[in-house]
Each structure stands twice: as structure tokens, then as C-alpha cells.
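Listed here are the chains, written in short residue letters.
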Amino acid sequence: MTLAPGKKKEKLDRLAELSAVRDDEQGVSLWREAMRRLRRNPSAIVGAAILVLFVLVAVVGPFFVPYDPVDQSGIREGVIKPGSIPGSSAEHWLGYDHQGRDEFSRLIVGARQTLIVGIVSTLIGLTIGVLIGGVAGAAAGLGGRWGRLVDSVLMRIVDMLLSLPSLLLAVSVAALLGPSLVTVMIAVGVVSVPIFARLLRGSMIAQANRDYVLAASSLGVRKSKIAISHIVPNSLAPVIVQATLTLATAIIEVAALSFLGLGNPDSTQPEWGLMLADAQIYLDVRPGLAIYPAVGIIVTALGFTLLGEAMREALDPKLRR
Amino acid sequence: MALLDVQDLSVTFSRRGQRTVRAVDGVSFSVDAGEVVGLVGESGCGKSVTSLALMGLLPRQRGVQVGGSARFDGTDLLKLDLRSMRDVRGRDVAMIFQDPLSSLNPVVPIGLQVTEVLVRHRDMSGEAARKEAAELLDRVGIPDPRRRLKEYPHQLSGGMRQRALIAMAVACRPRLLIADEPTTALDVTIQAQILELLKELVRDSGTALIMITHDLGVVAGMCDTINVLYAGRVVETARRKELFAGRRHPYTVGLLRSIPRLDAGRGEKLTPIRGSVRDVLPWTEGCAFAPRCDRRVDACVGAPPEMTPTHTGHEFRCVNPFPLTQPEEARV
Ligand SMILES: Nc1ncnc2c1ncn2[C@@H]1O[C@H](COP(=O)(O)OP(=O)(O)OP(=O)(O)O)[C@@H](O)[C@H]1O
Ligand SMILES: [Mg+2]
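Taken in sequence, the protein lines are chains A and B.
Everything in the first sequence is counted per the UniProt record's numbering, starting at 1 for the first residue and increasing by one.
Everything in the second sequence is counted per the UniProt record's numbering, starting at 1 for the first residue and increasing by one.
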């Protein structure tokens, strides 16, 4: 996240190269072999377990929460007084928040918001990034002189995005579009566009020089067909790995945007970043209010990162046996 | 008229900051319809570049220059635009590559890769294409073709992969097939089977074949005409019988001496050619083989040797060839 732009680019290109399928590797067995290696990797297991739990909580949890997460029952009942927010009790497992709402229910419902925003923003980044990277990769790998021109124009745009620190970029987009939930998704998505674009382009160019592309050309198969049905399927592995890793950063960035007040303007809806932001004034009164959502964010991001890194390792031809 | 007439084909690679390489330096040969023509030479002599140039598959970049002509059925393949060339590829001229594993897409089932050609050139689709693909696999000797169509390249053996690639190459009954060392990546018993298959296909369909190899043994078994290449030029060309009966060029003799033979007497040693392909003289300054040649004379250096024709069509590029009546020396 804090790498210099040049470094970032280099790292992405190397990643694309590393994860590209090599001559002596085989497609289906590549995935099957990767699965086998994933199952033997403890950090993959831990990551996957965290994610299963998180997704379960986010999807099913909201139906079973004990209280309405926006109901300020604590204030109605007068249990909240300035300087005192009741903590855990038998009825309210994690106590009340500063507005007298049930903290546990808010945490669970907040998980759903976090998951949705994380996934949608990653999908936005993935879609746009794959489109740009796919076109640039096909143009650079197969397109001749015109192709190289198209490629360099697209890549300069991508490099511009890449050279901005990601949070700054997200904040600028969010500020530009005005705060809303959609804005958050777009802002966080835009940040990952250059990453996906560079990654796919790099691995497509590597694939374009492979023998099977030459063999397909020798049979007269058209370039567009070669790009879509030969090169792209062989170039997706690093992109899928990156998508998993991007989910982790997306969740953190969503939280960061909410924290900075650029998130969902409907501040009654629970969201982990917002809960964290709200909690900071009450740190000395009820530090728990900050700790619960923070732990949620960290553990979830950790889950995606563990699984993503394990997938990268499993798919990396250089680390094989 | 010859089916393919290659005249003075040259390919140079020039990269900024690097010496320009004349990978092919004036190659001329011709192929008649249904004929099997061998291109033989050491590694690096320009065999693959020649075949790629004929197929228009060399990278289209500023640093890659292709000269000369290659008339296929009257049209110059080297002058065709990309679109027309793509129509020719796979339909009129097809190619078989050296490494069958890397020439197949690892993540696409064999069947899709075979039908792709049928879809492209024969307007087939769906079940018809699948049926034809299965027939093709059957024709190249792959058992249980229906099942194989669904499999991925890594599930096939090396020999079967090469058979599948051959099936794709002959799918549209091309008039010319170029095989670039089709057996080098396979083990010996499989090599023989693949060569047998190629021979059979060529005989049955009347397809002409350019057989590229560094192995004179392969050529001896199946070629009608043999062209020996050295440093990007043809140095000797003859009908198979004539070449093996009376080879004239010292390089051809050297090549023959360096291959093992079953009928060689006990204790007879293989004699490798002195030096390496890197010890070449540019053709403009004399015979490129001169630095490695035992029969070198003063006339070898100075001017490029011309092809010397004989009345039988046997030609060689040498100023001091082995004499026609076979002295002990030229025997292998
Ligand atoms: N793309 C390229 N750029 C620069 N030089 C090249 C390129 N392709 C081939 N060459 C050079 O052209 C020469 C001939 O190569 P070619 O591949 O045709 O040899 P070959 O006869 O097929 O050898 P082998 O038996 O090893 O396959 C070599 O010196 C090689 O280095
Ligand atoms: Mg070669």
C-alpha cells in the first residue's frame, strides 16, 4: 500500500510473470494441484475458516440478531448517561453503543454491509481492470504496431492511477462524487483497477509468446479468437489470486472511507468503519466500542490475505516441489 | 510447375544494440505436388526460421526483414497481406511443430482445439465438427477418439499429442505440410511411429511435405528430394538416391559421418564435424563452411561459391567437392 509507484509496477509485472502457466505445467492439473497444495497449507485453512465464518455471519447473522440494530432502546430506557455507557450484560452481550443501540446486533449487521461493499467494489475494480488489461494485453501481444499504440495509451492511464496512493485516490473519487454507498464502492473499486489491469496484461503478454499461440496462428485461427479462447483462460490465475487479496484491502479501505466521513451518509446503518469512527470519542469511557469493529476488520482482512497469499503460493510454478 | 518455389529467401534479425543476424541467407528450393522434400542441417542453420517465414509467422516488427519469394501455386506467400495469409494457413499450408506439449493449449480440451480449425476453414459447427474431429483423431491413430476429444493435453501421451497436432494440420487437407522436427521431442519408438504416420498420410492424400530435421536418418527413410542447409543457405540438393550414392559437398559428407549406422563395422568411430556452427565465414566473403572444412583450398575464400549444377539435377555449392566416383574417403 505504501510502495513507490515504480516498485508497485515492477512487483505486479513480476507477479504476472511468476503466476503465468509455464510450458511444463498443465491446465486442469494446475488447478487441481493448486487445490491439493492449498489443503495442505495451514494458513490457507485458517484463512478459509475465517472467511467461511465471516460470510456465514454476514449472510445469515442479520436474521437472527437479538435486537434491531438501529433501535436506540438504551436512550429510551434512560440507561445511557453522559460519561457512562453500559457494557456487557446478559441481555446485551456487548453492551450498548453511544446512542443506546445494541452493539452486538450492530456488529453482525455491519458485517453484511462490509461484505457487500467489499465484494461489489472488488467486482467493479475487477471488471474494469480486466477489460482494460485484456484489451491492452491482446493489443500488445497480438496487435502489431497499432496494438502497441493502443496498449501504451491504456497503460499510461493505468500508470497514472497506479502512481497515486490508493487511499488518496479513493478519497478524491469519494469527495468528487459526494458521499453515498455507491460512491464508496466506486472509489474503492477504482483503486484496484490499475492492479488488475497490469496483472492481466502482463500475463497475457507472457502467454502471447507461447508455442500454442504460434501453433494456433499456424492453423489460421483469428487473433480475436486466439485472445479470447486461448490467451485469456491461461492468464486468469494471477488475477483470481489478486481478487482475493483485493477483498482484504477493499474492506480496510471501505472502513477507512467511513472513518473519514466519506462513507454511507445514512449514519444510522451499522458499518464497521463508521462504528470505529463513532467510538473514538468514547475511547476512555468504553474502549470496547472501538475494539469490536476493529477486530472484525482486522480478522476479516487477515482471512482474505491468508487465503490469497496461500493461493498465490499454490499457483506459483517456481515454488512447486 | 512446382507447388512451392522458394527463391533466394532471406531473413535478417536486427535489434538495436545487437549484431544483425542473417538467419536465412538466400535459400532456394522447390517442392512438387505430393513430393516429400527434406531440409537438413545442424542446429541454428535457419531451418525453423525458413518454415516460419513461409507461413508468415515471423514477428511482424521493424527488426525482422524477409526477402526473396516463395510462390505457392503461383502466389507469393511472402507478399500476401495478413488477412489472406490467415486464410492460407491451415487450409492450404499447415505446419507441425517440434514440441507437441507446448504447442497445445493446456487449459483447452483437445476436441475444441481440433474443431477450431474445422470451424475456421470448413464452416463446420456443433455435432458435425465434433464428428469430423473424432474421425480425424481416428485417422491419425488415436484410439477411442470420442473420449480423447474431451481430454486435456496433459492427459495424452507425447506421441498422442503429436498425433492430435497432426490431425489438426491435416484437417483441411492442405496441399502442403511443413513438419519442423516433428519427432525430436519424442522417444525413439514413438518417433518411428510418427514418421510412419506422416508417410502414410502423405501417400494417401497426395499432400506435399517439407520435412525439417537435423537427422539424415529421418530424411533417408522418407524424402524424395533432400536439401542440405548450412549457415542459412542450401549447400547441396539432390534426389535421395543420388545424394546417398554420390554426395559431393564436404558438409553433407560430414553430416553423414556423424550419424550412427547399424551397418557400421565394429570399432568404426563416428566423426563429428570439426568446430561449431559459430565458426562461419559470412557467405559474401567465401564459403561459410570453409573454416571447418578439411578440403579447403585457396579458392574457398574470397568469393561466395555458386551452386554447381549437374545433368541429373544434383547441385552443390563447393569449389572443391568430393569427386563423383567414390573414393574411399567419401564412403561412410
Ligand atoms: N526471433 C529471433 N530473433 C533473433 N534471432 C533469431 C530469432 N529466431 C531465430 N534467430 C536466429 O536465427 C538462427 C536460425 O535459427 P533457427 O531456429 O531457424 O535454427 P534451426 O535450424 O531451426 O535450429 P534447430 O535445429 O536448433 O531448431 C539462429 O542463429 C537463431 O539465433
Ligand atoms: Mg528449429
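Any given hint could turn out to be false.
Just so you have them, the derived chain A footprint on chain B, three or more residues with Cβ under 8 Å [stated by the list, open to error]:
| id | region |
| --- | --- |
| 1 | 83-90 |
| 2 | 96-109 |
Capping the alpha-carbon separation at 25 Å, the derived lysine to aspartate or glutamate pairs in DMTMM-like fashion look like this [claimed, not checked]:
| id | chain 1 | residue 1 | chain 2 | residue 2 |
| --- | --- | --- | --- | --- |
| 3 | A | 81 | A | 284 |
| 4 | B | 150 | B | 127 |
| 5 | A | 225 | B | 132 |
| 6 | A | 225 | B | 92 |
| 7 | A | 225 | B | 242 |
| 8 | A | 7 | A | 313 |
Keep in mind that the hints were calculated from the coordinates and are not lab data.
Idealized CB from N, CA, C, for every residue including glycine.
Results for each hint:
1. 83-90: Holds, because 5 residues of the region 83-90 of chain B bring their Cβ atoms closer than 8 Å to Cβ atoms of chain A.
2. 96-109: It holds: at least three residues are needed, and the region 96-109 of chain B offers 10 whose Cβ sits within less than 8 Å of chain A.
3. A:81 to A:284: Since the Cα atoms of residue 81 of chain A and residue 284 of chain A sit roughly 15 Å apart, the hinted pair holds (cutoff 25 Å).
4. B:150 to B:127: holds, 14 Å
5. A:225 to B:132: holds, 21 Å
6. A:225 to B:92: holds, 20 Å
7. A:225 to B:242: violated, 47 Å
8. A:7 to A:313: Given pair residue 7 of chain A, residue 313 of chain A holds - Cα atoms ~21 Å apart, limit 25 Å.
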